[in-house]
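> Chains as they are written, first to last, in the working numbering: chain A, 8 to 594; chain B, 8 to 594.
Simulated from the structure, these hints should not be mistaken for lab results.
Some hints could be false.
A pair counts as met if it fits within one copy or between any two copies, since identical chains are not told apart.
[Unchecked claim] DSBU-like mimics (lysine-lysine), calculated; alpha carbons at most 35 Å apart, straight line:
{"#": "1", "residue 1": "223", "residue 2": "36"}
{"#": "2", "residue 1": "539", "residue 2": "465"}
{"#": "3", "residue 1": "12", "residue 2": "584"}
{"#": "4", "residue 1": "36", "residue 2": "465"}
{"#": "5", "residue 1": "402", "residue 2": "36"}
{"#": "6", "residue 1": "12", "residue 2": "587"}
{"#": "7", "residue 1": "13", "residue 2": "223"}
{"#": "8", "residue 1": "587", "residue 2": "13"}
{"#": "9", "residue 1": "36", "residue 2": "587"}
{"#": "10", "residue 1": "365", "residue 2": "223"}
{"#": "11", "residue 1": "365", "residue 2": "402"}
{"#": "12", "residue 1": "584", "residue 2": "13"}
{"#": "13", "residue 1": "223", "residue 2": "12"}
Number of protein chains: 2
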Amino acid sequence: MICSKKNLARLVRGAMGEIPADVILRGGKLVNVYSGEILDGMEIAVIDERICYVGPSAEHARGAQTEVVEVNGRYLAPGFIDGHTHVGHYARPFENLQSFIACGTTALVASCDEAASVFGYRGLQFFLDEVAAHPLRVYTLVSMTAPQDPLLCSTATFSDEEIAAALTDPRVLGMGEIVSWLRLLQCDAEILRRIELANANGQLIHGHTAGARDRKLCAVAATGISSCHEPIQLEDAIERLRLGYWTMLREGSLRQDLEATLRPLLDTGVNLSRLILVTDSMTPDDVAERGHMDNVVRRAIECGLSPLRAIQSVTLRPATYSGIAQDVGGIAPGRFADIVLIDDLERCHVERVMVGGKWVADKGVSQVKNEPISVPPEFLNGLSVGAKVSPETFKIKCQTANPKIRVMELVNQTITAERIVEVAAPAAHVEANLYDDLLKVAMFDRHRSVGAAFGFLKGLGIKVGAVATTVNLDENSLLVVGANDQDMARCANVLLDCGGGVAIVEGGQVLERLDLPAGGIFSLHRWQQVAKRLARAQQVLREQGSPFDKPLFALSFLPFVTLPALRITARGLVNAKERKIVSLIVE
Amino acid sequence: MICSKKNLARLVRGAMGEIPADVILRGGKLVNVYSGEILDGMEIAVIDERICYVGPSAEHARGAQTEVVEVNGRYLAPGFIDGHTHVGHYARPFENLQSFIACGTTALVASCDEAASVFGYRGLQFFLDEVAAHPLRVYTLVSMTAPQDPLLCSTATFSDEEIAAALTDPRVLGMGEIVSWLRLLQCDAEILRRIELANANGQLIHGHTAGARDRKLCAVAATGISSCHEPIQLEDAIERLRLGYWTMLREGSLRQDLEATLRPLLDTGVNLSRLILVTDSMTPDDVAERGHMDNVVRRAIECGLSPLRAIQSVTLRPATYSGIAQDVGGIAPGRFADIVLIDDLERCHVERVMVGGKWVADKGVSQVKNEPISVPPEFLNGLSVGAKVSPETFKIKCQTANPKIRVMELVNQTITAERIVEVAAPAAHVEANLYDDLLKVAMFDRHRSVGAAFGFLKGLGIKVGAVATTVNLDENSLLVVGANDQDMARCANVLLDCGGGVAIVEGGQVLERLDLPAGGIFSLHRWQQVAKRLARAQQVLREQGSPFDKPLFALSFLPFVTLPALRITARGLVNAKERKIVSLIVE
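Chain A extracted, bound-state conformation:
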C-alpha cells in the first residue's frame, strides 16, 4: 500500500496538472467526512489508484486519455469500511467480497478465524492470499480463536512463533478478537504474551467484551484492547465510550443492535467521535436480501443519525481507529480512489462503486472478474472424526432410570441457560424427546480421534430427525442435533462424505443440504447460489417449528464458550462463566 518515490512524484505532478489524470469525477455532491459537509461543485482527479486532487476545478489535470465522468448531481461518498467483521463462512472469502462490493463496501477489517480454527497457520496464509485476489481491501486480524480457550476448545492452534510471524505480514493489521476476556482477567500467560507482542508492534487488538461491566471492562481496556462491538443496549455503549473504547455498534446477520443502541444513544447527546458501525458478519442470503454496509448506513439513518454522520461512522472513523486513514476512509488527496456513487442519500442507494480508480460494481452487480485463487486440494473434503459414525455412535448410556441431566435451553437465538432436567432412561440410555422439545446434541472433534461429546438442547423447536452443521464458532467441527439416532447418523455421514456443510434429515431423507467442502466452512460455488441454499435451509427449520429467524445460528453458537451459560464443544459441556467442563449427568 506504500507509494514509491516515483508514485509520489506522479501524484504531485498530477495534482499540479503536469501530467494527466486517469479519471476525473465532476458534477457531484461530495460527502466530505472530514469537514462534515456535503459540498457542491467539487471535482476529483485520480492518478495511479489514488486521488491527487479535490477542488473547484480539475480541468488542469485533464488530458486526452482522461476518463471524465459527469455524475449529474449524485453523491460521491468514500467507500464504506466494515470496521469489524468475519468473511470466512458459507461462501468462500473471495465470493463474500463479491457480494459486499456492490453494496459500496470497499474495505473491511476481518479476523481469519474460520480458516484458522480448521487449518491453523496454513489457513491464515490461504486467507491472506484469497482476499488479496479481490479488489475489496481486506485488513486482516490474526485470529485469537486458535483457540479462544485451550482449556475448552478443540481447534487448530497457532504457536507463538506463528503469531509473531503473522503479525509482521504487511496485510495484517493486528490481532482479533479476544473473545475470552475471562482468560484475560485470570491473567492467562498465553493471552498476555500475545497482547504484549501486539502492543510492542504498535498493532491494535479488537476486543469482544460481551457482558463485561465496570471493573471487568476496565481490566480489559487496561491491557490496551481498544475496541468492542458487543454493546446490545444503551448502557453497554455509553460505558464503553466513556472508558475510551472505540465502540462498535452492530447491524449484521447474527445480531441487529442499532435499534436498541444507536437510537437511544442519539438522545443522550454523548460524543460519537469514537462510534463505529459494523456488521460483525453477513451471510450471503442476508446480503442478497438486505445489502451490506449500505444496509448499515440505511438502518442508522432510520434510527435517527443524519446521512452524513452515518457515513462518517463507516468511513473516516473505522479508518482512523484502524490506523489506515491516510489510505482510505475519505475523499482527499493521497487516499485511494475508493468512491461510492449514491443516487438517493437518505436511502443510501448505491449506484456505482470505484476502487483504486477503477469501476468495480454497477447497479448492485460486481464487475470484478470471478478469478479467485485455487483452494489447496488438502483443504477439500477433509472432514473426519476418526471413526465411522453409526446410530450406535449417538447412544448415551446412563446408570440410573431417572437421571438428572444438564440441558442447554435457548433463551434466545444465541444465549442459553443451564437447566437441570430429570429425564426417563428406561433402557439405560438418555434419549431425545421431541414432545418436550429436548434434542440430543453431539459435537465431534475433527482434530483428535476421540468420541463425541454429548448434550441436550431445549428451545430450538424443530420437529425433524436431525440437523447438522460444520459451521460453528469456533470449533467448525461436526455438530449434530436431533431427535433420533438413525437420522443423526445419516445427517453426520452426509456431511462426512462431502467434507462438511449443513444437512437436515427426516425419516432417513435429506430435506436440505448445503455442501461446504472446503474445511466444512465454505462452498466453492458463487455466493448467489450459496445464498439460496442457505436461505432454504433456514426456511426448512422454521417450517419445521423453530421460533427463530435463523435457527442455524442457534446451532452455530452452541460451541461458543464465552457466551452464557451452558455450551458444548468437542471437549464436553462447558460452564462458560466458570470456564470448565461439566458432566452431562448430574450426580
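Knowing the structure of chain A, use the given hints to seat chain B on it.
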C-alpha cells in the same frame, strides 16, 4: 512505553481489586474527552504509572499503602498535549519542559530542529536523551531542517542513513516539519526519498503549508503529509480540514492565530474532529507571562469553544493524530495517569499536575528535580565563523555611486517584501542609514569558512548601533543587524566570545545580552532567568523604536527561506518564491 506481560497482569489485577492501587483520585468532576461529558462521581485508580480503573467506586482497589486523594469537586482533565511545537531555543529543552509542566502540559510532539541544524545527528541524539530525562513526555519528530533547503540554507545535515536510523528510535514518532513544500512540488529527490521512508515505516509527517492553496495544497497532501499548523485565516483552516489534513490552529509565541481562525470557524459549523490546537513554540518569557497549553485552552474558550471541546482539541485529538491515544490523551484504563487538576474550568486554572501517577507540579510550580543530563563539552562555546570579525568585516563595496539595492522590508513581524531602493554610496561602500530605517544585515556561516552574506533591512525601527542573535530559523548562525560597523563588530564578537546568544550594542556599550553558550541556541540557566533576560532584550528593542511586540522574532525569521519574500542566509539574499540566491546590488 510498552507494558510487559508482568505490568499488564498488574493492571488487570489492579482493576479487579486483587492488588492495591498506588493512587486513587476521588470526588472530582471527570472531563471525559471520549464521550464529551463532564461526569460527577467517577473515581480513578492508578497502578504502576497507568490508570487501571475509572468508575463509580475504586474502593475495591484501595489498600493500606494507597494514596487516596480527595479532589473536592475540582475538575480532572487528561494532561494537555502540544501536538506540534519546538522546544530547543533560549532555555535548554529540559528547562523548557520545566516551564510547561506546571501549565498542565504533560506531553508534546516536537521537532529537534534547533539542535539538528547546529549539531546534526549528534544534536538529535542529545535532544532525545535530554528530553527523556524529564517526566513530560516528548514525542520527537526527526528534523527536516537539516537542511530545509540545501540550495539555500547552511545548516548541519542528516544523511539518508542517519534519517533511517533515527526513525527506528522508539522515541521518534515521525518526521517534521516539511517547511519547503516548494521542494516537494518540484519533486526534489531527497524529500521524496524521506517521505517514502516515513510512509513505509507507518510514521507520520508534519506539514507546514503556509500560503499553499488548491492544487498545491492537494499535491502536498497527496504524498501523505497529514497535518498543517499554518492556517492564519478562516479560509486556510476550512480548506485544510476539507482536504483531510489534521488542522492545527496556533496560539504560541511566534503567532497567535485563534482569534482569526477559530472564532470564525465555529460560526461555520464544520466538523472539528480533526482540529488540534498547538503552540508551535513558546519562549520562556511568554510562558512566564501567559502560560502554555493552559493558555491555549483559555484563549480557545475566549474564542467561543466550550471548555470540553477546547480540552478535546489539546488531548484526545492530538493523541489520535499522533497514534499515541492508547497511552495519552484521555482518562481511561490503560492510559498513563497524566492528569490535570483544574479548579476553574472556564479560566482553565491548573492547580496540580500528575504524570505517570506522580505529582509533578503544584500551584504553577514544577516539582520535578532539576537534574538534566550534562551538555557535551563540545556543544559549548563553539560558535565560530572562520575568521576574526572587525568593523572591516562589515564593509559592503559597490562600483557605482548610486547603486540600487534589494531591501528586505518587514511588512509585519515575520513577513518581508522585496524593495528595490536606490542608495547613495559616495565612498564606494553601501552603508546603513538610521534616518531612513535602513539597517545593514550580515549573516555568517558557522559551518564553513566563507565571508558573511549581506543585506539590508527596513521596518525594524530600532535606533541602536547593532543587535545580533544566533537564534534564527533554521540557520542558528550569527546574524548581525546594525547601523554602524563598529557596533556590529562589537556585537558579533560579544557573541563569538560566549558561544552565541543575543546582544544589543550602542556606542560600543553592551545594552543587553543573553548568553546561549550551547550552540548559540540555548542557555544553561534556569528557564526563569532566561525568561527575564529575553524579556529585557525584547523590551530594549521596543524602547529603541521597534514597532513590533517581539522585535527579536523579526530577526530570527530573516533566514527562514520559505516565508515571503526576500530572505537572507549565509549563502546570500534569497528570493523565497523562486528558490534562488539573488544579488544585493541590482545591476
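> If a hint holds in the structure, say so; if it does not, say that too.
Checked hints:
1. 223 with 36: between (45 Å within a copy, 23 Å between copies)
2. 539 with 465: within (28 Å within a copy, 81 Å between copies)
3. 12 with 584: between (54 Å within a copy, 24 Å between copies)
4. 36 with 465: Classified as neither: same-chain Cα gap 54 Å, cross-chain 49 Å, threshold 35 Å.
5. 402 with 36: Result: close neither inside a copy nor across copies, 66 Å intra and 63 Å inter.
6. 12 with 587: Only across copies: residue 12 and residue 587 sit 25 Å apart there, 56 Å inside one copy, limit 35 Å.
7. 13 with 223: This pair counts as between: shortest inter-copy Cα distance 18 Å, intra-copy 50 Å.
8. 587 with 13: Between. Shortest inter-copy distance 25 Å satisfies the 35 Å Cα cut-off; intra-copy 58 Å does not.
9. 36 with 587: Classified as neither; 57 Å inside a copy, 42 Å across copies.
10. 365 with 223: Between copies only: 25 Å across chains, 46 Å inside a chain, cut-off 35 Å.
11. 365 with 402: Cα proximity of residue 365 and residue 402: none, with 58 Å in one copy and 65 Å across.
12. 584 with 13: Cα proximity of residue 584 and residue 13: across copies only (25 Å, versus 56 Å in one copy).
13. 223 with 12: between (47 Å within a copy, 18 Å between copies)
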